[in-house]
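Spelled out, the chains give:
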Amino acid sequence: MNNNKKYHALKVDTQKCFGCTHCMKICPTEAIRIVNGVAVIDNQRCVDCGNCLRACPADAFYVEQDDLSKINNYKHRVVLFPSVFIGQFSEIYSEGQIYEALLELGFTHIFEVEQPAGWLMESIKDFSGENIHRPLISSFCPAIVRLIQCKYPSLTAHIVRRKAPHDLAAHFAIEQLKKEGAKEDEIGIFYVSPCSAKMAAVNQPVAEKESIVTGVINMKDLYNRIMKLIPTKEKMDTSGFRRHLSREGILWSLPRGESAWYRKKSMAIDGIHNVVKFLERLENDEVPEIDFLELKSCSEGCAGGILLTGNRFLTVERLQKRAARYPKAAQVEVENAAKELVKKKLVADEIKPEHVFVLDQNRSKAIEKLQKINDILCQLPGLDCGGCGAPNCHALAEDMVKGKAKMTDCVFLQNKYLQEQKVKPEKAYKNLEKIWGKQRFEADCNKKGGRNEGF
Amino acid sequence: MAIELNFTIEGGDFSNAGKASSKIKKVLKQLNIEAKIIKKIVVAVYEAEVNVAAHAYSGNVKALVGENDVVVMVSDSGPGIENVELAMKEGYSTASKEVREMGFGAGMGLANIKRNTDELKIETTVGEGTTVTFRCFY
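Chains as they are written, first to last, in numbering that gives the first Met the number 0: chain V, 0 to 454; chain H, 0 to 137.
There could be a bad hint or two in this list.
What the hints assert, rightly or not - Computed, partial: chain H to chain V, Cβ under 10 angstroms: (1) 2; (2) 3; (3) 10; (4) 25; (5) 28; (6) 29; (7) 44; (8) 61; (9) 64; (10) 65; (11) 66; (12) 67; (13) 70; (14) 72; (15) 83; (16) 87.
What the hints assert, rightly or not - Listing some non-contacts, in silico: residues in chain V with all C-beta distances to chain H over 12 angstroms: (17) 35; (18) 56; (19) 133; (20) 219; (21) 290; (22) 397; (23) 428.
Said to hold, decoys possible - DSSO-like mimics (lysine-lysine), calculated; alpha carbons at most 30 angstroms apart, straight line: (24) V:5 to H:120; (25) V:433 to V:24; (26) V:351 to H:25; (27) V:24 to H:28; (28) H:28 to V:403; (29) H:18 to V:401; (30) V:433 to V:421; (31) H:25 to V:371; (32) V:433 to V:371; (33) H:35 to V:276.
To be clear, the hints were calculated from the coordinates, so they are not data collected in a lab. No residue lacks a Cβ here, since even glycine has one placed at the ideal position from N, Cα and C.
Go ahead and model the full structure; you've got the sequences and the hints to work with.
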C-alpha cells in the first residue's frame, strides 16, 4: 500500500504543534503518534473526521483550501454551500443580506446544496429497492464512509451508493446554467465545506472517478469575509436563488434530517464516538431490525462541523426556525427537465473495504504478532499515559510488532531498565528526545501546554 | 499456533455481555478473516454470552484463535439444561419474565449458535452447569 496515495485535508503545522497528545488521545482510529515532538498522522488510518483539530489547544491543525481568487478564471462563478452556513449568522442578518455579500465577493450564482434535496431522497429510495442489505447506511458523511471502510469492512455493502448533496447541487447548478445559455467550461463550481471530511471527499472522492466541483472553500474563511462585506440593509431581491429550497432540505445536514424524511424504521446517530459504539453492536447483530441508518461524524451533524463559527446548538435552533418558514419539499416545484439526467449522475460506485488494521497478510505471521502483542502487554503498565507517543499501551504494543517502536519507548519500563542498569541514562534521555523533541524538557516559563488549556 | 483469549461473565450482567465477542472480533479483523465468517463467530459468541448472563450464576469464555479455525468454550456454573434437544428448538425458552422483559430469552440462543458454527458440543449437568463448545472454520 502506498502511504502517500490517500489525500487528506487535515495537516499539522509543525511550528505550532508541541506534541501535547490531546489529538492523539481523541482520534477514533488511533491514527496519530508523536514523533520528534510533533503529531504525525497515519494516512491510511485517518478518516478526516477533524476531532484532532477540534481538540488541539495550539491551533496546530489546519485544512488545505483553494485560493478564492481562483474563481476569477470563470465567467459563471457558482458558490455552493450547505444550509448550516446561513445558520451561523446572528438573527440580525437576513439571508438576503448574506446572499448579497456573496455576490459582492464575486460570485454570480448561489446555490444551497440541499436544493432540490427531493431528487436525492427519491434516488436513495430507488437504491433501497436494489440493495438487499439492511439497514442501509447513509453515504452523507464522508468521515463515516471512510470509518466503515477501514474499521467495519463487513458493513461497506450497506452504504447507499449515492453521492452527497454537494454533488446533487453541482449537477443541478450546471444544468440550470446550461439552460440559461452558459457553456460548461465557463462554469466554475466552488463548494464551501463545513469540515475536513467533505474537503477530502471533494478532492479525492471515495466512490466516483473525479469530483464535479472546481474548488473547495473553507467555511470559516468565507464566514470572516462575509462578515466584512455584509450590507446593513437588503438592497436587492435574491429570493430567486432560493426558490428550490425546502424545509426538509434545510434540515438535511442536521441530526434526523435524513432519517425523518426516509421514514420507515430509521435511526440517526451523531458524534463519531457514538457511531463507533453503535456500529460495533450492529456488526454483532445486537440491534433490532432497522431500514435506514443516518450516521454523522460531528455531534449535532454539520452544525457541529469543525469549520463552522459559533455554537452548534444555536446554529441548529436558527435553522429549525428558518426551515419552518420554507415550504415542504413536495410543494416545491422544480421546472428543470434535467431531473433524470441529474439523478443518473448521483449514482456512485461500490464502496470497497480497506483492511488497514490487518497485522499481516500471512495468517500464521499475524497470529505470531498477536501473541507478541499479548506478551508485550504483560510488560506494559496499562496506564495509557501517552508518554511513549502512542495513544495507549495496546497501540504501543502494536507499533512494536510492526517495528515502529521499542520497549524503551515506554517511560515506565525505561525507568525500570535504568534501575536494573540495563540501559544507560544518556541513552534513556536520548530516547525521550526522539519522541518529544530536543530540549523539550528544559525549564521554560513560556512553554506551551499544562496550563489548563481548553477549559 | 493459536492465540488464547479469556473472559469472565457474571450471571445477570447483560450490560457486559458482548465484551468477549467484541474483543474476539477485533482479533479476527487483525488476522484478515473474511467479514462473513467473522460475523458468524461473533454472533455465536454473543449468543453464548447472553445465555450465561440470562441463566447462569457465573461463567467464562475461552477462545482459541488458530490459523484455520477458532474454537470457543463457554462454561458456566448454573442450573444446567434439563432437556438439551428441547433447548435446541427455535422458540423454546426457560428464561424468566424479567429476562424476557429486557428483550432477551426469545429461545433463539442455542439454535442461533448451531446455525452459525461448524461444530457444536453441549455438555451439561443439571444443578451444576453447562459447557458449550463450538468451532468455526475460516
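Here is what the structure says about each hint:
Checking residue 2 of chain H against chain V by beta carbon gives a least distance of about 5 angstroms; that is within 10 angstroms, so the hint holds. Checking residue 3 of chain H against chain V: minimum C-beta separation of about 9 angstroms stays under 10 angstroms; hint holds. Nearest Cβ of chain V to the Cβ of residue 10 of chain H: about 19 angstroms, over the 10 angstroms cut. The hint is violated. With 10 angstroms as the threshold, the beta carbon of residue 25 of chain H comes within range of chain V, its nearest partner Cβ sitting at about 8 angstroms, so the hint holds.
Interface restraint check for residue 28 of chain H: the shortest CB-CB distance to chain V comes to about 6 angstroms, inside 10 angstroms, so the restraint holds. Residue-level restraint check for residue 29 of chain H holds (minimum Cβ-Cβ distance to chain V is 5 angstroms; threshold 10 angstroms). A cut of 10 angstroms between beta carbons decides the hint on residue 44 of chain H: the least distance to chain V is about 9 angstroms, and the hint holds. Interface restraint check for residue 61 of chain H: the shortest CB-CB distance to chain V comes to about 14 angstroms, outside 10 angstroms, so the restraint is violated.
Look at residue 64 of chain H: its Cβ gets to within about 7 angstroms of chain V, closer than 10 angstroms, so that hint holds up. A least Cβ separation of about 7 angstroms between residue 65 of chain H and chain V falls short of the 10 angstroms threshold, and the interface hint therefore holds. The interface hint given for residue 66 of chain H holds, since its Cβ lies 5 angstroms from the closest Cβ of chain V, which is under the 10 angstroms cut-off. Interface restraint check: residue 67 of chain H against chain V, minimum CB-CB distance 8 angstroms, threshold 10 angstroms, status holds.
For residue 70 of chain H, the shortest C-beta to C-beta distance to chain V is roughly 14 angstroms, which exceeds 10 angstroms, and the interface hint is violated. Interface hint at residue 72 of chain H: violated, since its Cβ lies 18 angstroms from the closest Cβ of chain V, which is beyond the 10 angstroms cut-off. Against a cut-off of 10 angstroms between C-beta atoms, the interface hint on residue 83 of chain H is violated, since the closest Cβ of chain V lies about 24 angstroms away. Proximity of residue 87 of chain H to chain V is violated relative to the hint, the smallest CB-CB distance being about 19 angstroms (cut-off 10 angstroms).
With 12 angstroms as the threshold on Cβ separation, the claim that residue 35 of chain V sits away from chain H holds: the shortest Cβ distance comes to roughly 28 angstroms. Every CB of chain H lies more than 12 angstroms from the CB of residue 56 of chain V, the least distance being 31 angstroms, so the non-interface label holds. At roughly 14 angstroms, the least C-beta separation between residue 133 of chain V and chain H is larger than 12 angstroms, which holds for a residue marked as non-interface. With a minimum CB-CB distance of about 36 angstroms to chain H, residue 219 of chain V clears the 12 angstroms threshold, and the non-interface call stands.
For residue 290 of chain V, the shortest C-beta to C-beta distance to chain H comes to about 19 angstroms, beyond the 12 angstroms cut-off, and the non-interface label holds. Not every Cβ of chain H is farther than 12 angstroms from the Cβ of residue 397 of chain V; the closest lies at roughly 9 angstroms, contradicting the non-interface assignment. With a minimum CB-CB distance of about 34 angstroms to chain H, residue 428 of chain V clears the 12 angstroms threshold, and the non-interface call stands. For the proposed pair residue 5 of chain V and residue 120 of chain H, the alpha carbon gap of about 47 angstroms is over 30 angstroms, so the pair is violated.
Between the alpha carbons of residue 433 of chain V and residue 24 of chain V the distance comes to roughly 20 angstroms, so the proposed pair stays at or under 30 angstroms and holds. Simply put, residue 351 of chain V and residue 25 of chain H have alpha-carbon atoms about 19 angstroms apart, close enough for the 30 angstroms limit, and the pair holds. Taken as a hint, the residue 24 of chain V and residue 28 of chain H pair is honoured in the structure, with Cα atoms around 22 angstroms apart against an allowance of 30 angstroms. Restraint check: the Cα-Cα separation between residue 28 of chain H and residue 403 of chain V comes to about 20 angstroms, which is no more than 30 angstroms; the hinted pair holds.
Among the hinted pairs, residue 18 of chain H with residue 401 of chain V is consistent with the structure: their alpha-carbon atoms are about 26 angstroms apart, no more than 30 angstroms. Of the supplied pair hints, the one linking residue 433 of chain V and residue 421 of chain V holds, its CA atoms being roughly 19 angstroms apart against a limit of 30 angstroms. Using a Cα cut-off of 30 angstroms, the hinted pair residue 25 of chain H and residue 371 of chain V holds, with the two alpha carbons roughly 16 angstroms apart. Using a Cα cut-off of 30 angstroms, the hinted pair residue 433 of chain V and residue 371 of chain V holds, with the two alpha carbons roughly 24 angstroms apart.
The hinted pair formed by residue 35 of chain H and residue 276 of chain V meets the criterion: a straight-line CA distance of about 20 angstroms does not exceed 30 angstroms.
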